[in-house]
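Participant: We have chain A; now place chain B onto it with these hints.
Heads up: the sequence lines are chains A and B, in that order.
Note that the working numbering numbers the first sequence so that position 12 is 12, with each residue one more than the last.
Quick note: to get the working numbering, add 1000 to the position in the second sequence (first position is 1).
Where hints are given, some of them may not hold.
Claimed, not checked - Label pairs and their in silico Cβ distance ranges:
1) B/V1159 with A/P53: 19 to 25 Å
2) B/N1202 with A/T184: 39 to 45 Å
3) A/G80 with B/H1039: 42 to 48 Å
4) A/T184 with B/M1018: 34 to 40 Å
5) B/G1201 with A/K108: 52 to 58 Å
6) A/N202 with B/Q1020: 35 to 41 Å
Stated by the list, open to error - Not the full set, but computed from the structure, chain B residues with beta-carbon under 7 Å of chain A:
7) Y1058
8) V1062
9) V1073
10) V1076
11) I1102
12) T1227
13) I1269
Said to hold, decoys possible - Cross-link-like lysine-lysine pairs, in silico, DSSO-like; alpha carbons within 27 Å at most:
14) B/K1104 with B/K1069
15) B/K1163 with A/K163
16) A/K69 with B/K1117
17) B/K1245 with B/K1104
18) B/K1042 with B/K1226
19) B/K1117 with B/K1069
I should point out that these hints are in silico values taken from the structure, not numbers from a laboratory.
Even glycine gets a Cβ: it sits at the ideal position worked out from N, Cα and C.
Residue strings, one per chain:
2 protein chains.
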Amino acid sequence: MKSTVNFRRLHLKGDQTMTQAQEARLAMRQGTWTGPTVHQVKGYVQANLVMLPRSDAYEFLVYCQRNAKACPVIEVTDPGDPEPRISAPGADLRTDLPRYAIYKSGTKEGEVRDILKLWTQDSVAFLLGSSLSFDDALARAGVEAGDTVWALNTEIPTVPAGKFHGNLVVTMRLMSHEQVIPATQVSTRYIFTHGSPIHVGNPEVIGADLERPIYGPPLPAIPEGKTAVFWACGVTPQQAAIVSKQELMITHAPGHGFVTDLRSDSFCIP
Amino acid sequence: MKSTVNFRRLHLKGDQTMTQAQEARLAMRQGTWTGPTVHQVKGYVQANLVMLPRSDAYEFLVYCQRNAKACPVIEVTDPGDPEPRISAPGADLRTDLPRYAIYKSGTKEGEVRDILKLWTQDSVAFLLGSSLSFDDALARAGVEAGDTVWALNTEIPTVPAGKFHGNLVVTMRLMSHEQVIPATQVSTRYIFTHGSPIHVGNPEVIGADLERPIYGPPLPAIPEGKTAVFWACGVTPQQAAIVSKQELMITHAPGHGFVTDLRSDSFCIP
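In isolation and in its complexed conformation, chain A is listed as follows (with noise of 0.2 Å):
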């Protein structure tokens, strides 16, 4: 199965060498990446990935312009076009994440690694900023997070359209409590994949359920000596998928993001 697309952008001219978001793309294409995208690819923008069929997609829209903290759109393609030529021009949609989700009647079928099957000329493809975008300015904040994110169920209801309905779901990091604040004030400026953190300190209060994560290990109790810290999470529309019984939702599979061109130190406030 080969992709489509049209590859110009990505045949480079002379000397001209691949970008690391370019090059991570192709290795997801080629199936010799499969694994998570989680502090992977510093420096670019990773995406959550939302397909659905045209008939849904106007729901869908206003479903992430009144959740906007969870759901902040990058890019809507052209029903039928695989290719975001906004934020990464040349990429193919359909084969350039790690791993992808499907959704069928508010049942998750499975995991896959390409959907060229699924596409149709009817699909329209939303890209909404994660929180994996900022791990690297964290970090370079000083704010020592660990290896692991996870991803969680809660208890916040988000603002219904339409038929999309269901509970937030967030990111949680662990960090010292010195952390917390100068990891508020970096990601605050990151504004376009989640920003600021929803929540600080006791899981309970927004009902994160340690217990059952979407992603990451199972934990039953926040360290000793740990803060967690949560943030909006653009798996929240898989959630809404579920709740909702959707008929047909592709999504990436949580963790495993999609690449863009765009740099996260560009693309946030200043």
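Facilitator: The following block gives chain B in isolation, referenced to the frame of chain A:
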């Protein structure tokens, strides 16, 4: 012609008094306020209005996403619901603006004071952040931009989405050259109401049409000692309606914005 919207949230309890925003909207609803909102109701976020049939709403929302600097979406109402439940509960978008502009088949048909007869169960309203929201913040920072805010056509193309295309409309404010940097710094914080300027200096660089302003008096040239500063403007969709020959678009009349309950100084970045 009376509004049929539920007034419950405007019915205040006990000794509650109306906010300035509620007072302004009531005066507009009652027809005693028919003039501009420029430099009025300071401290509240003002919004540009676009109303479309549901069938055009998706392409327009994608147009806003692709041109977010000009069209930052504050709220999208459900089809048939004229109440902006998030940004101004109790308000009625059919009556609570001082003046509306009607575009039919790409031609501006005129301006009216309410749109009760044009609103249907199929109508969707979009509120887009207006730069009128930060004029007060500019003044507080010592930027003396005078009483006049111009809205001008430019030669900068927007990114098309479906049928919607056209050139960017900008607002222009005149100030001393020392005030350009503080004006840039201050407005950058108001990212949901256009944020930073798109150009400073020579109007010809962006093809700003000073001779035929959309709003404000004609100006043959920038006055001696003044620097022109340009922000993306939420009147841009009105230009798209003309160029795209949109069958029906109802908007605010330029300079006559919708006053929300949102406070400018909390609806911004730190």
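Participant: Against this structure, judge whether each hint is valid.
Facilitator: Taking the hints in turn, this is what the structure says about them:
1. B/V1159 with A/P53: 19 to 25 Å: holds, 23 Å
2. B/N1202 with A/T184: 39 to 45 Å: The hinted range 39 to 45 Å holds for B/N1202 and A/T184, with Cβ atoms some 40 Å apart.
3. A/G80 with B/H1039: 42 to 48 Å: Given range 42 to 48 Å: holds, Cβ gap about 47 Å.
4. A/T184 with B/M1018: 34 to 40 Å: Since A/T184 and B/M1018 have Cβ atoms about 36 Å apart, the given range 34 to 40 Å holds.
5. B/G1201 with A/K108: 52 to 58 Å: holds, 54 Å
6. A/N202 with B/Q1020: 35 to 41 Å: Taking Cβ atoms as reference, A/N202 and B/Q1020 lie about 38 Å apart, which means the hint holds.
7. Y1058: At about 4 Å, which falls below the 7 Å cut-off, the nearest Cβ of chain A leaves the hint on B/Y1058 intact, so it holds.
8. V1062: Cβ of B/V1062 sits 5 Å from chain A, so the hint holds.
9. V1073: The hint holds - B/V1073 has a Cβ within 7 Å of chain A, the shortest such distance being about 5 Å.
10. V1076: holds, 5 Å
11. I1102: violated, 24 Å
12. T1227: violated, 21 Å
13. I1269: holds, 6 Å
14. B/K1104 with B/K1069: Cα-Cα ~25 Å, so holds.
15. B/K1163 with A/K163: holds, 26 Å
16. A/K69 with B/K1117: Given that 27 Å is the threshold and the Cα spacing comes to 36 Å, the pair is violated.
17. B/K1245 with B/K1104: Holds, at about 8 Å.
18. B/K1042 with B/K1226: holds, 25 Å
19. B/K1117 with B/K1069: With Cα atoms ~32 Å apart, B/K1117 and B/K1069 exceed 27 Å; violated.
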